[in-house]
Amino acid sequence: MKRAALAGAALLLSTLAASAWEPTKSVEIIVPFGPGGASDQMARTMQAIIQKHGFSKESFIVVNKPAATGGEAMMEMKKSKGDPHKLITTSSTIYMTPLATKIPVSWHDFTPVAMVAQDEFGLWVNAESPIKSVSDLAKAAKEAHPPLKVGGGGSKREDELVSFGVFSELGAPISYIPYKSGGEASTQLAGNHIVVETNNPSEDVANWRAGLTRPLCVLSPKRIAYTAKVTTDMAWSDVPTCGEQGLKFTYNMLRGLFLPSGVTPEQQAYYVDLIEKVTATPEWKEYLERNALKADVRTGKDYVDFLNADEAKHKDLMAKAGFLPTN
Amino acid sequence: MENIVYLLDGFQVALSLHNLLFMLIGVLLGIVVGVLPGLGGPNGVAILLPLTFGMDPTSAIILLTSIYWGALFGGAITAVLFNIPGEPWSVATTFDGYPMAQQGRAGEALTAAFTASFVGAISGVMLITFLAPLVAKFALRFGPAEFFAVFFLTFCSFIGMGKENKAKIIVSLAFGFILAGVGIDTISGDMRMTFGVTELMSGVDFLVVVIGMFGISEILLALEEGMSFRGKNAKIDPIVVLRTWAQMPRYIFTFIRSCLAGIWLGISPGGAVAASFMGYGLAKRFSSRGERFGQGEIEGVIAPETAAHAAGTAALLPMLALGIPGSATAAVLLGGLMIWGLQPGPLLFVEQRDFVWGLIASMYLGNIVGLIVVLSTVPLFAAIMRIPFALIAPVILMMCAIGAYTVANAEFDIWLMLIFGVVGYAFKKLDYPLAPMVLALVLGDRAEDAFRQALIGSGGDLSVFWENGLVTSLMVIALALLLWGPISDGLSRLRSRRPVAAE
Amino acid sequence: MSSFEPYETESGLSRRAVECIVALLLCAVAIAVLWDSYGRGAGWDGGPQSGFFPARMAWLLLAASAVVFFQGLRAERGILVTWGQLRQVSMVLLPLTLYVLAIGYLGIYVASVFFLAGFMIAFGSFRWWTILAASVLIPVITFWVFEMQFEVPLPKGPLEAMLGF
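Chains as they are written, first to last, in the numbering used here: chain B, 1 to 327; chain L, 1 to 503; chain U, 1 to 165.
Heads up, some of the hints might be wrong.
[Stated by the list, open to error] When the alpha-carbon atoms are kept at most 20 angstroms apart in a straight line, the in silico EDC-like pairs for lysine to aspartate or glutamate are as follows: (1) B:Lys79 x L:Glu199; (2) B:Lys102 x L:Glu351; (3) B:Lys81 x U:Glu160; (4) U:Lys156 x B:Glu58; (5) U:Lys156 x B:Asp83; (6) B:Lys81 x L:Glu411; (7) B:Lys229 x B:Glu184; (8) B:Lys102 x L:Asp190; (9) B:Lys52 x U:Glu151; (10) B:Lys229 x L:Glu351; (11) B:Lys57 x U:Glu147; (12) B:Lys78 x L:Asp449; (13) B:Lys78 x L:Glu411; (14) B:Lys25 x B:Asp310; (15) L:Lys166 x L:Asp489; (16) B:Lys57 x U:Glu151; (17) B:Lys86 x U:Glu151; (18) L:Lys137 x B:Glu184; (19) B:Lys180 x L:Asp190; (20) B:Lys180 x L:Asp449; (21) B:Lys320 x B:Asp310; (22) L:Lys166 x U:Glu76; (23) B:Lys79 x U:Glu160; (24) U:Lys156 x L:Glu411; (25) B:Lys315 x B:Asp305; (26) B:Lys315 x L:Asp190; (27) B:Lys86 x U:Glu147.
[Stated by the list, open to error] Only some residues are given here: those of chain L computed to face chain U with a beta carbon under 8 angstroms: (28) Lys168; (29) Ala174; (30) Ser188; (31) Gly196; (32) Glu224; (33) Leu391; (34) Arg446; (35) Glu448; (36) Ile456.
[As the list claims (entries may be wrong)] Here are the simulated distance ranges between beta carbons: (37) U:Ile121 x L:Asp489: 45 to 55 angstroms; (38) L:Leu483 x U:Met91: 46 to 56 angstroms; (39) L:Val197 x B:Thr264: 28 to 38 angstroms; (40) B:Thr264 x U:Pro158: 19 to 29 angstroms.
Bear in mind the hints are in silico, worked out from the structure with no lab data behind them. Glycine residues also receive a C-beta, built at the ideal position from the N, C-alpha and C atoms.
Bound-form chain B, shown alone (with noise of 0.2 angstroms):
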């Protein structure tokens, strides 16, 4: 009987195997840092568009993790090895973190799903600034006495990476202030108490359509592709790249999705499948363009090549930096 019935849950199990894999339970889509956030709104938008359009029968659900720096949810993926319901959101903390707390994980203990976008990074200015180009700034901080204010989200985080790399092939010293948030930082350039500030487009497109705040140029080799207008003159394709006013140093930040380790191909090919669904969507096309993040979806070998590359880079300038710890 015993034994029949082991034979039927295997003859289950197998047919199940053979069709293609789907939840069987609610989805976690771990967060792993606090509500509100960018890669919060992320999640939150993928879970919009999977209710909407019906893509799963199970729900999916956001549960953000934000301890220790995303830190802890990383390790709880790592010990939920073989579980197809979690999924977590990354950016470049996910090398980042793992580099400057010596938590003992990486990427290469998740099972990568896709990469959905690119983030830009951009500098930016205060509106009424009389910096205009790249030139200007170099000048203004080779004479800035004490040094030039330059504000960014976090301490040793991209946004601090970024003012490092920017700075340093300007040979100007700086005065890096770290805030609680990149909204933060933009406010603080809105009210002229920092010079410039690093950020995400999202996290400063408020102030710029308001007249608050400007874009001086973005860190990126291309021009961002959004042409419709976002202020009453200019498209994000109107913002010159760095790159054009003779900046070398360039940064992008990936957005993508993994899954635990120890998963079977079918259940990664599912959520490979469901991710290009999803970004097919115009609600997607939507987000994209409203956060002007690229719009860059790579799944299997491309996926890892790119993890590989990227986290060298980040490995390096975090060296040059001096944000790995020391002992």
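Dock chains L and U against chain B, hints included.
Positioned in the frame of chain B, the structure of chains L and U alone reads:
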């Protein structure tokens, strides 16, 4: 005055039957979420966000803000009944609210808390209605030095040397500051006082400490004293609301003072937590019954609740007018706006007039609905105190554990809660004051961050704290408040000595 | 805070001892913080270093708790908490610790069933069916509210996994 016309249009939008229904549902859900510690505020709103996908933006935001109002009201319930603040800004409410409940005056304390929240929130909404653009610009003037000055001011208004043992006050204060510093330092990125424990990297969450120190320790004390809550014999009084309202006019100055302090901190933006402490501190200092605060004084409930809600509401203003989230909850609401396809920011008032004024109108209505709902449940909540201790105590402990977990979805936090429960028990037995510690824990790291940000910008020059009119006047007011206590004490001592000398 | 007169004849932990022990523990905390802060740098390097404020606070804590310690030595003899009271408290504290431990293995719902039942048996005088009903129903309702209505995942264990959650 065109604002009034827009507002009337807004009321038409908000007053539709189906939006009123959403308000009611939202408030009820919000109370449930607010009562569960750890779930209120940003987490609660984020959890219920998916409910609103596919609704039209106006109804969606009405539902969400109503959840917010409900959660704000709900936070006071557990603070008063069980000494467990459901929200960080309910901590100051426990100081007098819980003693009142122990004296069997839970109904009165709840009524006072709810009414005060309502008054505070409405004063915040009025500010948004009439002064939005003006005030929004003012918020931009706050740089790191000004932020530090605001925190310093809050601190000075609250810390007058109490009657407790001076050394113990200092212990409590220093301990709070140290706890606030645990984890990754915002400014340097260094790991501070984690002693190699990964879980401590993001610091000790304020709510976890408070749930342990106030909630768990209270149950331990109750056990020691014979397994019952002291407010057990509370009479259920159907007209408690009316009786409490009858004494409200007496506290008109407390209301006004707290509204002003709250609005000020909401837009500056020091936040609702700072506002609640400042409201309490100011009332204690300037009220004629200030001496008796902490022993169940109704004014001690009104003051922090009014200030916290004035600030919480006023904090929505920078969100609407500038697209700057004034609080974590506002950040979630902002995220919601974007999902519904609205771009928050200064142009929202121009481009989405219907939406904005519908929202503002719903703030008035949502609070009215909320007040009616919570007041009608006061006798019900007061009756919770009559449930046998052996049943309610483990349920509270379970809710504390859930609350501690949901703050950051981390199991380690449940352990922290337990440890702080024991610490709180020891501190209470030995008469260490807890309030200075809580205040230092909330404001400590923010004040430190602001201080260091200001100095990085000035290249280490301390004169940044008196370089312009705004920051200088804040610092002067703060110092005046700090010195007010000792000076007025000295004066009254002189005065009381004089007649003796004359004899 | 609480009144001890009725218990004066009972024996227990003296106030003096507890005051001194707590003060010493606080001193230990202060010293640990000082060690940690000076290890990273607690000076003023164009503005306060990351250890500056914690170190100053730790000195303050050390000084104040030393004062408390000496005040404690001179405190009058008196019982702070009797053995009987302490037994009551530990009767909750120990199960509570076990409960938190069990959450990690059984999940919060199953652990709560045992905790609720244990508490009600130990401290109440309920009929067995009240205990059974309360200790099962309350976690089930909690499960329904958190997992199904609000979709907030709380720690779950093998039982929930078996049931497919």
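Hint by hint, here is what the structure shows:
Using a Cα cut-off of 20 angstroms, the hinted pair Lys79 (chain B) and Glu199 (chain L) holds, with the two alpha carbons roughly 15 angstroms apart. Distance hint between Lys102 (chain B) and Glu351 (chain L) is unfulfilled; the C-alpha atoms sit about 48 angstroms from each other, more than 20 angstroms. Pair hint Lys81 (chain B) plus Glu160 (chain U) holds up; C-alpha atoms about 18 angstroms apart against a cutoff of 20 angstroms. Between Lys156 (chain U) and Glu58 (chain B) the alpha-carbon distance is near 18 angstroms, which keeps this suggested pair within the 20 angstroms criterion.
About 14 angstroms separates the Cα atoms of Lys156 (chain U) and Asp83 (chain B), which keeps this hinted pair within 20 angstroms; it holds. Restraint check for Lys81 (chain B) and Glu411 (chain L): satisfied, since their Cα atoms lie roughly 18 angstroms apart, inside the 20 angstroms limit. Between the alpha carbons of Lys229 (chain B) and Glu184 (chain B) the distance comes to roughly 25 angstroms, so the proposed pair goes past 20 angstroms and is violated. For the hint linking Lys102 (chain B) to Asp190 (chain L), the alpha-carbon distance of about 13 angstroms falls within 20 angstroms, and the restraint holds.
Simply put, Lys52 (chain B) and Glu151 (chain U) have alpha-carbon atoms about 17 angstroms apart, close enough for the 20 angstroms limit, and the pair holds. Distance restraint check for Lys229 (chain B) and Glu351 (chain L): the Cα-Cα separation of roughly 15 angstroms lies within the 20 angstroms cut-off, and the hinted pair is therefore satisfied. As the CA atoms of Lys57 (chain B) and Glu147 (chain U) are separated by approximately 17 angstroms, the hinted pair is consistent with the 20 angstroms bound. Annotation: proposed proximity of Lys78 (chain B) to Asp449 (chain L) is violated, straight-line Cα distance about 33 angstroms (limit 20 angstroms).
For the given pair, Lys78 (chain B) sits about 16 angstroms from Glu411 (chain L) by alpha-carbon distance, which is consistent with the 20 angstroms threshold. Taken as a hint, the Lys25 (chain B) and Asp310 (chain B) pair is broken in the structure, with Cα atoms around 34 angstroms apart against an allowance of 20 angstroms. Among the hinted pairs, Lys166 (chain L) with Asp489 (chain L) is consistent with the structure: their alpha-carbon atoms are about 16 angstroms apart, no more than 20 angstroms. For the hint linking Lys57 (chain B) to Glu151 (chain U), the alpha-carbon distance of about 15 angstroms falls within 20 angstroms, and the restraint holds.
For the given pair, Lys86 (chain B) sits about 14 angstroms from Glu151 (chain U) by alpha-carbon distance, which is consistent with the 20 angstroms threshold. Restraint check for Lys137 (chain L) and Glu184 (chain B): the C-alpha separation of about 15 angstroms stays at or below 20 angstroms, so the hint holds. As the CA atoms of Lys180 (chain B) and Asp190 (chain L) are separated by approximately 15 angstroms, the hinted pair is consistent with the 20 angstroms bound. As the CA atoms of Lys180 (chain B) and Asp449 (chain L) are separated by approximately 9 angstroms, the hinted pair is consistent with the 20 angstroms bound.
Our distance criterion of 20 angstroms between C-alpha atoms is met by Lys320 (chain B) and Asp310 (chain B), whose separation comes to about 15 angstroms. A hinted pair counts as satisfied when its Cα atoms are at most 20 angstroms apart, and Lys166 (chain L) with Glu76 (chain U) qualifies at roughly 18 angstroms. Taking the CA atoms of Lys79 (chain B) and Glu160 (chain U), the gap is about 18 angstroms. The hint holds against a cut of 20 angstroms. Pair hint Lys156 (chain U) plus Glu411 (chain L) holds up; C-alpha atoms about 11 angstroms apart against a cutoff of 20 angstroms.
At most 20 angstroms may separate the alpha-carbon atoms for a hinted pair to count; Lys315 (chain B) and Asp305 (chain B) meet this at roughly 16 angstroms. Straight-line distance between C-alpha atoms of Lys315 (chain B) and Asp190 (chain L) comes to about 18 angstroms, which keeps the hinted pair within the 20 angstroms bound. Restraint check for Lys86 (chain B) and Glu147 (chain U): satisfied, since their Cα atoms lie roughly 15 angstroms apart, inside the 20 angstroms limit. The beta carbon of Lys168 (chain L) is positioned within 8 angstroms of a beta carbon in chain U (closest approach about 6 angstroms), and the interface hint is therefore held.
The beta carbon of Ala174 (chain L) is positioned within 8 angstroms of a beta carbon in chain U (closest approach about 4 angstroms), and the interface hint is therefore held. Evaluation of the Ser188 (chain L) hint against chain U yields a held restraint, the C-beta minimum of about 4 angstroms falling below 8 angstroms. Because the smallest distance between the Cβ of Gly196 (chain L) and any Cβ of chain U comes to about 10 angstroms, over 8 angstroms, the interface hint for this residue is violated. Taken as an interface hint, Glu224 (chain L) checks out: its beta carbon lies about 4 angstroms from the nearest beta carbon of chain U, inside 8 angstroms.
Interface hint status for Leu391 (chain L): upheld, as the beta-carbon distance to the closest one in chain U is roughly 6 angstroms, under 8 angstroms. About 12 angstroms separates the beta-carbon of Arg446 (chain L) from the nearest beta-carbon of chain U, more than 8 angstroms, and the hint is not met. Against a cut-off of 8 angstroms between C-beta atoms, the interface hint on Glu448 (chain L) holds, since the closest Cβ of chain U lies about 5 angstroms away. Given the 8 angstroms rule on beta carbons, the hint for Ile456 (chain L) holds: about 6 angstroms separates it from the nearest Cβ of chain U.
Checked against the hint of 45 to 55 angstroms, the C-beta distance between Ile121 (chain U) and Asp489 (chain L) comes to roughly 53 angstroms, which is consistent with it. For the pair Leu483 (chain L) and Met91 (chain U), the beta carbons lie near 49 angstroms from each other, so the given range of 46 to 56 angstroms is met. The hint said 28 to 38 angstroms for the Cβ distance between Val197 (chain L) and Thr264 (chain B), and at roughly 35 angstroms that hint holds. For Thr264 (chain B) paired with Pro158 (chain U), a C-beta distance near 22 angstroms keeps the hint of 19 to 29 angstroms intact.
In this structure, the earlier hints numbered 2, 7, 12, 14, 31 and 34 are contradicted, and the remaining ones agree with it.
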